[in-house]
Amino acid sequence: MIKTFDVAAIRKDFPIFETGIAYLDSANTSQRPRQVTGAMLEYFEKFNSNIHRAAYRIAEEATVRYEATREKVRELINASSTKEVIYTRGTTEGINLVAYSWGRKHVKQGDLIVLTIIDHHSNIVPWQILAAEKGATIEYVDIDERGELRQDQFRKLLERSPKLVAFGQVSNALGTINPATEMVAAAKTAGATVLVDGAQGAPHQGVDVRALGCDFYAFSGHKMLGPTGAGILYGRRELLEAMDPFMSGGDMIKTVRVEGTTYHDLPWKFEAGTQAIAEVIGLGAAVDYLTALGMDAVRAHEREITEYAFEALSDIEGLTLYGPPPSRRAGVISFSIEGIHPHDLATIADRDQVCLRAGHHCAMPLMTRLGVAATARASFYVYTQKDEVDRLVGSIKEAQRIFA
Amino acid sequence: MIKTFDVAAIRKDFPIFETGIAYLDSANTSQRPRQVTGAMLEYFEKFNSNIHRAAYRIAEEATVRYEATREKVRELINASSTKEVIYTRGTTEGINLVAYSWGRKHVKQGDLIVLTIIDHHSNIVPWQILAAEKGATIEYVDIDERGELRQDQFRKLLERSPKLVAFGQVSNALGTINPATEMVAAAKTAGATVLVDGAQGAPHQGVDVRALGCDFYAFSGHKMLGPTGAGILYGRRELLEAMDPFMSGGDMIKTVRVEGTTYHDLPWKFEAGTQAIAEVIGLGAAVDYLTALGMDAVRAHEREITEYAFEALSDIEGLTLYGPPPSRRAGVISFSIEGIHPHDLATIADRDQVCLRAGHHCAMPLMTRLGVAATARASFYVYTQKDEVDRLVGSIKEAQRIFA
Amino acid sequence: MSSTAADDQFYREYILDHYKNPRNFGRLENPDISHEEDNPLCGDVIGMDFRVKDGVIEDIRFHGRGCAISQASASLLTERLKGLRLEDAKKIGKADVLGELGIDISPARIKCALLSLKVLKVGAYGLAGNDEDEE
Amino acid sequence: MSSTAADDQFYREYILDHYKNPRNFGRLENPDISHEEDNPLCGDVIGMDFRVKDGVIEDIRFHGRGCAISQASASLLTERLKGLRLEDAKKIGKADVLGELGIDISPARIKCALLSLKVLKVGAYGLAGNDEDEE
Ligand SMILES: Cc1ncc(COP(=O)(O)O)c(C=O)c1O
Ligand SMILES: Cc1ncc(COP(=O)(O)O)c(C=O)c1O
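Protein chains in written order, with numbering that gives the first Met the number 0: chain A, 0 to 403; chain B, 0 to 403; chain C, 0 to 134; chain D, 0 to 134.
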């Protein structure tokens, strides 16, 4: 039996709910509990200092706390070693790191890169730039009418021996949960290096990067109760060892001489300059929080809310839902309403303090594919309760009244 | 007359001083006042949300606060436009951005890059990597016996028409205040593009990037009362407009299509993915705090403390001071003590809760030049008071007693 | 959820009317000027076709998709532009467009309200798209 | 500032003695093994020269600069190594070195204390410098 948790109790950890908002935009960025901001404040007020070059106790304390997050994250995603856990600003920086440090070295003229049409811009544009620089080709796996990746087409593309396969574990625009394990296995068999964009994965379900089998896995702390400014790139050690640094400067070196420079060991080779220390410590507290809830319980809760919302929205006339059925999607629902632009809907919802996203969700190729400019999107997290979904339904009905 | 401020009153804004530490490592990272952590907390608890794609009020509020920092920074450094103010993680990322986006495009085989021997690793290693990639040459301006850059040698190097000149406004290891305005002018006349590393400049003195005349100016928020995770790259608009993006992904695009992508306008072209929102807002509060004190008053206070410390340390037997006289240096004093390794000194100081830096200060070429492996370093900021310097002197004497 | 269509402070009758029945909507054949702009934050696109004779905007049409605010704003703008001298069209500024809409526009929606003005500015008299007017 | 040299918990007499009068300090001519490592966080360097015969460390010298902790630790280690079979030297671990130092080493100084052990490990029996032992 899956452990459950008490949402009302959880909400007490999030002071922002005292403002009365219904927050339905967690796929964009999550809220942060007191435990996370508290950990940051503790650093600022008790042992604020720079790390790694410590010569005094508060800097030792900061270093220990900062490095402790690495072990927490390693455990969360079951990496083999903390050397495989690299701090970044977020998913975007993680993917760019791979594009620069791995991609510029390994992707050559005529190589094939396989992406998917539902990917987030952050997992498209870096590869477009790399492909243009190197003369490589990009192919995008299409979706079927349910918003699920066309596996037949994916397998066909693998026959062309792509150098790189990169795709999102879960679509932030449609909520589609891709069969990542099978896709990675097939891509590895085809000889590709595989990056999984876990921005919508790691925050919402248990992740085991070794079982997943990918070479790189990138995600953002700010989408999983952590502060802005800190995220994670997981990379398999062999690949990371063989890669050149991305950014360079203080702290990622062993020795700097006029004649040349030697680099630090993993993971620090990829962490140049003063890092987001408070934010990494905050991320550690976020991982603790999620771990205490249990990732299976997180997923179960989101699934319950998603099913509830899916049903409630399905009942509304003139509303089109995009993407797969609730059993095959994460806590994300994209929809549109006949005759009402998503932005107008969001404005009307906002007047009821319902925070709803409207736009292309950084997935313009998908929007083009769906033939829409924008959708409205509601997304859920550990603190979401049914009452917030009810408020959304109320706002939609209000919008329909206005635009009738 | 220069405005002065009441240090005792200022210290009340910094809860960390309640722990009893004497913090003499501000060149490494500064402490942060309640105003800064308060601004971050306000974001987390009142309008925590993602920016720029806002469809509801709290996200509008977050966007307004986030963008407000840009105008505050613009004013602080007197840039022409907020389009020239790019958010980074810190100095290191800013310099890497320039190395990748400007350097890879403009630096060619056989080109000359001029650096200085007192530069921080973050302003050396990115150029070493670029030079190796492009087949360019690096020359380092040496120092004289006072730790000041040899201007004769610098002028000689300029005769060779370097493509790039990059140097620190103030040395973090010696405290040397370089004649930046004259050096930039000479380098511009020689046709070079000029980057000034302002990591130790902007936090400690008034900076006017237009009067300075440089093309790029990079600095870190965490060294100027701001949180970790946010810094600034200033770039002249023409250069920034002509540069390709550094990182790519969400938010820095106008349109993404399978066929290709168009980029967003400045400054957002260089800000890919979810940014360090809370940290940028915190940095805004730090700029407010410094502006209220007045940068001239900040400099005057540091000068007073530096003179006091210089004198007190000069009186200690067996103590060697590195670098220029106090009138020509910022609030940084590097020194060594006969027979006592800097790390041992720092450990002994730490037992008295005196936070002192020991090491190479990310300036190994300078250490090699000085013929030492490490020095001890005390550095000061707005909240430093003479009593902390006295405690340092006490620790040094204690160390001398132990090692006698 | 207490307001009704009639008394809504934001989605007023005439806004909704311009949205549902946009004036000058469609395309011109062989226009003298034709230009499109998009709102990078939401993907909405508005384009305008102009027929200009002796410096006067003889005819104008707009096309594209967007929210009520951008559509109503475009519709209102074309009404104003029709028959105007191009020279005078240059004088139309943000304040005019927002004034004509007559509602309080929040920062998030201001780009929607001004998208059609941008089409006019960039298309009809060639201002750079990335000038200080943006955000 | 109350402690004196004699009763100092950290900088004990024998630590200071090994620092000021390091045993086996200097270089060997034509050593069988010679290796240096540095502490990337402070720039300190320690090197060791070994003369090995029939698997036994016949002679040993260390050189380099460093703090009292790294120097005393190196001095103590060479004393222990001299005359030892290389095979047995492999069994020396962190705990042995720290135990011999006999003081509480804070995380910041642990690299200082273990630098000489790293020289031994990497130099004398070729372990990778970047194994899990580090930090
Ligand atoms: C002169 C100088 N340049 C660059 C840096 C690097 O700054 P950051 O670590 O914030 O990227 C520092 C900070 O140590 C510095 O003092
Ligand atoms: C699937 C996916 N990938 C990548 C990103 C980019 O993450 P970040 O903006 O934190 O870099 C996001 C977040 O919007 C996302 O949902």
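Hints in this document: simulated from the structure, not taken from any laboratory.
Computed from a predicted structure; not experimentally measured.
Cβ coordinates follow ideal geometry from the N, Cα and C atoms, glycine included.
Check before you lean on any hint, since a few could be wrong.
[Claimed, not checked] FRET-style restraints, in silico, Cβ to Cβ:
no., chain 1, residue 1, chain 2, residue 2, range
1, B, 8, D, 101, 42 to 50 Å
2, A, 108, C, 25, 43 to 51 Å
3, A, 80, B, 33, 54 to 62 Å
4, C, 16, B, 79, 52 to 60 Å
5, D, 92, A, 5, 28 to 36 Å
6, B, 209, A, 184, 52 to 60 Å
7, A, 145, C, 78, 51 to 59 Å
8, A, 243, B, 33, 38 to 46 Å
9, B, 306, A, 8, 36 to 44 Å
10, B, 8, C, 99, 38 to 46 Å
11, D, 92, A, 243, 29 to 37 Å
12, D, 98, A, 295, 55 to 63 Å
13, A, 80, B, 324, 32 to 40 Å
14, B, 8, C, 12, 42 to 50 Å
Checked hints:
1. Checking the proposed 42 to 50 Å range against residue 8 of chain B and residue 101 of chain D shows it holds: the Cβ atoms sit about 47 Å from each other.
2. Separation of residue 108 of chain A from residue 25 of chain C is about 46 Å and conforms to the stated range, judged on CB atoms against 43 to 51 Å.
3. Here the CB-CB span from residue 80 of chain A to residue 33 of chain B is close to 39 Å, at odds with the stated 54 to 62 Å.
4. Judged by the Cβ atoms, the range 52 to 60 Å given for residue 16 of chain C and residue 79 of chain B is violated: they are separated by roughly 44 Å.
5. Evaluation of the 28 to 36 Å hint for residue 92 of chain D and residue 5 of chain A yields a failure: the beta carbon distance comes to about 48 Å.
6. A C-beta distance of roughly 57 Å is found between residue 209 of chain B and residue 184 of chain A, which places it inside the suggested range of 52 to 60 Å.
7. Between residue 145 of chain A and residue 78 of chain C the CB atoms are about 44 Å apart, so this pair departs from the stated range of 51 to 59 Å.
8. Distance hint check for residue 243 of chain A and residue 33 of chain B: the Cβ-Cβ separation is about 42 Å, which falls inside the suggested range of 38 to 46 Å.
9. Judged by the Cβ atoms, the range 36 to 44 Å given for residue 306 of chain B and residue 8 of chain A is violated: they are separated by roughly 57 Å.
10. Checked against the given bound of 38 to 46 Å, the beta carbons of residue 8 of chain B and residue 99 of chain C, roughly 52 Å apart, lie outside it.
11. The hinted range of 29 to 37 Å is satisfied by residue 92 of chain D and residue 243 of chain A, whose Cβ atoms lie roughly 34 Å apart.
12. The hinted window of 55 to 63 Å between residue 98 of chain D and residue 295 of chain A is violated, with their beta carbons roughly 44 Å apart.
13. Judged by the Cβ atoms, the range 32 to 40 Å given for residue 80 of chain A and residue 324 of chain B is violated: they are separated by roughly 50 Å.
14. Checked against the hint of 42 to 50 Å, the C-beta distance between residue 8 of chain B and residue 12 of chain C comes to roughly 58 Å, which is inconsistent with it.
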